[in-house]
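Those protein sequence lines, which keep their order, are chains S and C. Read in this note's numbering, the first sequence has 25 at position 25, and its numbers run on one by one without any break. Read in this note's numbering, the second sequence has 19 at position 19, and its numbers run on one by one without any break.
Among the hints, erroneous ones may be present.
Not the full set, but computed from the structure, chain C residues with beta-carbon under 8 Å of chain S [stated by the list, open to error]: (1) 224; (2) 631; (3) 670; (4) 673; (5) 817.
Treat the hints as calculated values from the structure; they're not laboratory data. Every residue gets a Cβ at the ideal spot worked out from N, C-alpha and C, and that includes glycine.
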Amino acid sequence: MRIACPYCGPRGLEEFLYTQDASVTRPGAGATGQDWVDYVYIRENTKAPRKEFWYHSAGCHAWLILTRDVVTHEIMAVDLP
Amino acid sequence: MSGYRLPTGGHINRNIAIPFSFDGKAYTGFAGDTLASALLANGVKLVGRSFKYHRPRGIFTAGSEEPSALVELGQGACREPNTRATMVELFNGLEASSQNRFPSLKYDALAINNLFSPLLAAGFYYKTFMWPAKFWERVYEPLIRRAAGLGRNAGLPDPDFYEKTTEFCDVLVVGAGTDGLAVARAAAAQNGRVIVCDEYPAPSPPDLPANVTFLPRTTVFAIYDGGTYAALTHLPNASPRQRLVRVVAGRGIIATGALERPLVFANNDLPGVMLAGAVADYIIRYAVSPGRNILLALNNDDSAVLIPLLAAANIGIAGIVDTRRKSSDLVYRLAREADASVFAGATILAAQGRLGVKSAVIKQHNGTMLRLPCDTIATSGGFNPNIALTAQFDAKPVWNETICAFTAGMLPPCARIIGKAAGQGINAGIEPHWHSGFSPGKSFVDLQNDVTVKDIKLASQEGFCAVEQVKRYTTLGMAADQGKTANVNALAILAEARGISIPEAGTTRFRPPYTPVSIGALAGAHKGKHFKPVRLAPTHEFSQAQGAVAVESGLWLRAQYYPRAGEGWLAAATREVNTVRNAVGICDVTTLGKIDIQGPDAAKFLECVYTNSWASLPIGRVRYGLMLREDGFVMDDGTTARLGPEHFVMTTTTANAAKVMQHLEFCAQVLWKHLEVSLISVTDQWAQIAVAGPKSRATLAKIVDDPFDVSNDSCPYMACAGLTICGGTPARLFRLSFSGELAYEIAVPARYGNALAEKLMQAGAEFGIAPYGTEALGIMRIEKGHPAGPELNGQTTAHDLGLHKLLSTKKDFIGRTMAARPALTNPARPTLVGLRPEDGTTTLRAGSHLLPIGVPATAAHDQGHVTSAARSPTLGPIALALLADGPARLGEKIRVYDPVRQGDCIARVVSPVHYDPAGTRLHA
Chain S
1 MRIACPYCGP RGLEEFLYTQ DASVTRPGAG ATGQDWVDYV YIRENTKAPR KEFWYHSAGC
61 HAWLILTRDV VTHEIMAVDL P
Chain C
1 MSGYRLPTGG HINRNIAIPF SFDGKAYTGF AGDTLASALL ANGVKLVGRS FKYHRPRGIF
61 TAGSEEPSAL VELGQGACRE PNTRATMVEL FNGLEASSQN RFPSLKYDAL AINNLFSPLL
121 AAGFYYKTFM WPAKFWERVY EPLIRRAAGL GRNAGLPDPD FYEKTTEFCD VLVVGAGTDG
181 LAVARAAAAQ NGRVIVCDEY PAPSPPDLPA NVTFLPRTTV FAIYDGGTYA ALTHLPNASP
241 RQRLVRVVAG RGIIATGALE RPLVFANNDL PGVMLAGAVA DYIIRYAVSP GRNILLALNN
301 DDSAVLIPLL AAANIGIAGI VDTRRKSSDL VYRLAREADA SVFAGATILA AQGRLGVKSA
361 VIKQHNGTML RLPCDTIATS GGFNPNIALT AQFDAKPVWN ETICAFTAGM LPPCARIIGK
421 AAGQGINAGI EPHWHSGFSP GKSFVDLQND VTVKDIKLAS QEGFCAVEQV KRYTTLGMAA
481 DQGKTANVNA LAILAEARGI SIPEAGTTRF RPPYTPVSIG ALAGAHKGKH FKPVRLAPTH
541 EFSQAQGAVA VESGLWLRAQ YYPRAGEGWL AAATREVNTV RNAVGICDVT TLGKIDIQGP
601 DAAKFLECVY TNSWASLPIG RVRYGLMLRE DGFVMDDGTT ARLGPEHFVM TTTTANAAKV
661 MQHLEFCAQV LWKHLEVSLI SVTDQWAQIA VAGPKSRATL AKIVDDPFDV SNDSCPYMAC
721 AGLTICGGTP ARLFRLSFSG ELAYEIAVPA RYGNALAEKL MQAGAEFGIA PYGTEALGIM
781 RIEKGHPAGP ELNGQTTAHD LGLHKLLSTK KDFIGRTMAA RPALTNPARP TLVGLRPEDG
841 TTTLRAGSHL LPIGVPATAA HDQGHVTSAA RSPTLGPIAL ALLADGPARL GEKIRVYDPV
901 RQGDCIARVV SPVHYDPAGT RLHA
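Next comes chain C alone, as it looks inside the complex (with noise of 0.2 Å):
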């Protein structure tokens, strides 16, 4: 207990306490502090252990950068592993727990590692645990996995709201530090907007211009192109817990500040050793001590200031050991007004202490050896620029001899670095000092991962020379704090290992996140039925009153089919499919893709996209169209009707719909741009309902208005109208068949979807009328051989679908050469046909492969597969299939082999269509 209150001073309110808990034991803090300020408050200086060698670890700095303070927040769903206790803001209730520790913080069972240590150095798994090899993934990575890490996941769905937003502003300033701000005000001022943030949670600055955005615990991660930014705004214990804020800014200023490097000694990650800035954080900004009386290592002037808030503070000065040769006058002479005592050239050897520091052994300019007591050691290697987000943009850092540090190379466009993340008035009087020698006990880099100086030495002796590999070999510098305090030590460390210089040695590469951002907060809302958007069909209200199960199809909320009591999915869609082949059915087919096209060239441009002919079309008649890719294999198809001279509506598949429609803009914008052609998706518009049956007519007669004749001489197969329904809604009208009956689809606009459904049932009523769902469809699409999904798979051309006929040789169109090389027309290649089981009962599935009886089966004899199969409720099994030289082969008998499901037995090859090869049926 040595971390103490300052009777005043800070920012907290001493007015608020706040009750908080750690590792179960109560503790109180003020509005102001975090986890870290008040645990050192309350004395604790033990947080946790360390990753491999389960080390007694404490709070290390005041910020974001800290390496050793990671602690769990919470309990359940809400528990949060590896958050920095540094930039926890304390709030009532908060309960934090330390990690990496059993059973308990000070008697840690796994701390024997550290006696085991020659065996865990860099790569120490690599090595020791070879063999048997089959060893590693059953036995050795789980417990290294058990024995290694940091904090645990919670395992459970994350409960919390996270919420994203976008910004603009002209000036994007980060960092709210004195320079900061003065470039925010300076900005302001050209009446530009203004956006400041900063990771801590400061109140917004006084006077400042109301066109200046201040945000708060707000830190900017990322640069991308274009003037683009992602911030995390963290909002303590509230709902949204993050908001992740993408920010466009016209100029982006850097004002990111310097972050310390600690000296690098024996014992370094005791707890007690801190960085000297943060000492000095901690005794401004939440008026606590960590210590009663600290030691101060460090080698320029910068951290000197904290010689006199010490001695205003009366806190205990045990000495101040300078590296240099030569202390400074600074130094010199704020020792004295503080009355400290200053080891000039002299070299911190060690920490020594079990759970926290008691005293530092130095060594003095003359060589003697001295022992100092005290319970803290603020220590300062010097500062780097903190250019994390310039070097993210790809811009190598650039050494700087003179202070001693990395600056920011070519910097992101419209970019700006300013202040001491630029590298201006810091590391005055330095002189590198990057660690006390190769001295027994362990000397830390990288407190996050264990990395020892002796492991960076390890890793170059070994053959991992670049700086890559030293981080790869070694982990220095990955996991939460990315090396914020240890990656410039490490870098000369491994240079003087090397025998070269430090920017020889290179920099890693910085990527972004700068700091942890959670994936819940990069998710936003977008999670669970929020992740992407539902469309409901516009008779999906009528569905539901009907009782039908749904399926999503893409984006769409279909009905797939419709059960009566006691029905299961096959027997509802038996049903459906008897109600359509005997009576009448409906089904909602507005999720077919429905593009309006318009223009005088409307006409030529079908010509040029799909493959068969369009001029001849007339006025009131629908055609089935193929389209292809310019590679030769087929695209999509579906009908399309012709309304009026320049007037037509295309159908796409409900899968293509959206990619048709870019293909479509793309040959009327790019390609063909001279034809006067305009285009529109009208899916959403039309609700689209097919009306299908024997008793289709006569229930459609029931509900069109007068003049309009439904009979098959004023509307033949294929006829397409507009015109008025149930005494004046407008509607449009195709007769067109997808089961292979009499059939209509009829249109309406979408708000009347529900309602066409309900007069279409009651008009269909004395007829037996059922709406029918997917199921019912897909079995009666297979029962006529139409391709589908499954077919249309990319890999199919119009030869392997039985539609060569509708490649016209009179015309150019897209993928009309392609199709035609000899690859693509070979009639070797796997061909649609129709297969039945052989024993008329066997259910065929789609997947299976094809191949001739009585061969082995192997790949070398696969002719093709099962594309589509079905029971047909009239037919038995039935099923699609591609099959090598397919035509040719109708009525031979093939294996239909499936050893996943077990599916082994022989089909007769049919023609495709099943069901009314004649088509009697749809032109009745």
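Okay, chain S solo, but in the shape it has when bound (with noise of 0.2 Å):
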């Protein structure tokens, strides 16, 4: 697999580090505990495209949101936070 880093070009996989689900947002003032929870710990498993936290930390340590089908392993998009 490869990354079309906005920095350095497409790279290889190894480069690169995936760490989380890039849908979900930090909660913000007056969120509820529940708030944080879904935040925290509750994820999507869909069978689709989704959004996808990758850190370039082998190379400029971008952190960058992949678009991915996690189907074909299709990289639709990388876009900076």
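Take each chain as given, in its own frame, and dock them per the hints.
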């Protein structure tokens, strides 16, 4: 698999680290305990394109948001947060 | 002895004779030979014994699909089992031996298995060796493993060298046949960079454009996402021995051709039965005839090309058995020209012979039997497009009724399949003939795994009907060849047994690698000490010169202790602790992560990531900080110094340095991206040395440049400053103490690490200075009750570690809400305490369980565990522990129970700060 880092260009998978689902947003002020539980623990497991956080750990240290089809592994988009 | 070298022809160099040996006997081949062609040329037909029945086996193909001719190469540590003789290029002094036979290839004792074959049918061990059940592991399995199997592992570390490379190209062509080369030339004309791989050792084709790289002996064995292909280059008898090439290609062209499938008849595994295409290959490429009287059995027109080849080489043709109801005009014409007889509508029933083919029995179209003497049977059941690479990519093959073969389904992105691999120009006039009936004698479908027509039928009868079940029950299509010559025949036989069509039977899943890849090639140079990098502390040379014993700490190599003559680790560490407690010691603390944090919002940023307050930290001061994960558990701790209004330097634990950096980057780039802050790891840029002990100030005073003042007034506890030392060397000084003594950490650019250590040793010589290692460091931090790795284990909260006062209530920070969950603040949670043995002498061990006194030692009574333990030079055995409701139980007695190492003693619960609880020494 190769990921097109917006800073470094297309690089091999081994330079990157997948960390977590990027579809959740950190709750702001006034959030309830349940909002926090949802943010920290609750994830959808859909057979469809997903947003994922990847970290260019062996490269420029940029955090990236990939839109990736977990069935075909196709990467539709690589965005900066 | 039937094979022989033809007087002319072949892509071999007859001027270069190459001596080699097989089973200890010397032979000679020519440059350009494979082991298989050279053996055939020397008349060797019998090359091995089969997996289960120990039946004699010969050379079946001329390529990587070889199921039968597996040999061991080399000796000792270099011994390589299960090597396909068809793929081994002959080299001077090559030593090969046959496998799976005892005492010799010709007289194999276990050939008796063949007579017991009714017991050894598919799934035999599941049925036969059922009782008594406990015999399975100790008796049956070892026996079966000795009797069945292929080559022997060398059992020694592989002495060979392997390497890995990455290549980039616009177009990768897999297969350098006519179609592949044509596409490569066309692609090269578009000015792209082209790579052509071929698994055979052919020389580079003439006139290839300069932008085409030709990689012979290179098998593309897998396709991965994003146009990444894995290939393995064999470098015969050279170092490196194999090269793993990762090819990143814009487009992939799969021109892998087609693989012939055999006809299936009784004893079709006898040496001398070969694929028709292989016979042609041996004649054309190596000028070797596998026999003197060859019977051709076919069901298609493709393999008829063998007829004129045999005739031209003056090789005897025993006959042409065409299983089709009507043979084709082509076959008749070629046979007539070759003066050979055609048996149209006939079936080949059996091969006959003991260690090799002597004759064949055929059933003619009118039902009469005929025995045809021959020494070789060339069979062709048609061709299978070689679609393994595409099918690996989770694309199910599609059955094509016209050519009676599976073709590629959906292709991987940016890949194309062409030529025979795409099913073009193969199987002209084919009329399928999947097997010659369930006749007496074994008809093999999979030669490598000894799977017969009967086995497949049996599996189906016993309910293992799905193709994946048949594979697992019979071992069909497994092992080194992955059923390249077997699978489609097997599917057809399964379909027939179940009364369904071949596409309904389906195919098993294709997985990489296409051909075997040695683990050594996948590892490349990353083995032994090269498995991972070693990070050397900037005082490494100094500590080596001081006789330090090194210890691995993550990737780092740190000084563990500095033994003097006659000292063991404990004596050395005890002396080092005493030196620090009474005089002064130095210790390299560079390995702690150092993150430089700058920007107008740097203080705000720290407020977000640390639980405690930072905005109020004055310039020139250091503060201890606690970091949580978002789920409320402790992530890491460390000190952060404020060097300027917008400039901080954070330290992390050694183990979490990279993880904290990653976390901070996430906070800065994702969570609080509006904050103006930049981060960079400076762990490797600064050599940092702890100078600890009552004489540390006097020692440092001798190396700092004027006008810097190290007195307690100008440089109090938790102060920091930039300064110069030793006459102009830039440095940073932090008054920090991990040991609990008056102490400093001094940082200089990393290249001065060794020099600084030596300067400090000179400056402190009059006070009895000594370097100390991680053992002494560990003892002193346990004495002081500082949490470290064993306490920061990812399951502890700030409350557990007694650090809850650091949880600010005035701001948001990572983990704040979740850390406040009732279960995480429950006082009954195991909480940090100190332990001292009641008798003052019994050693406490980390990992011991804590139990109330007088209750059974069961998990239900478990109240916590010892996290860290040490033998303090001043206090004797001490420990840190996580004990339920710990702080409320100071003074209680508790049982420290370690059943694994027979530890069982009574300890008293004390404060985790064993040494100088008031902290007067570090404020001195």
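Results of checking the hints against the structure:
1. 224: Holds: closest Cβ of chain S sits about 7 Å from residue 224 (chain C), inside 8 Å.
2. 631: Hint on residue 631 (chain C): holds, closest Cβ of chain S at ~5 Å, below 8 Å.
3. 670: 4 Å, holds
4. 673: Check passed: Cβ of residue 673 (chain C) comes within 6 Å of chain S, closer than 8 Å.
5. 817: 5 Å, holds
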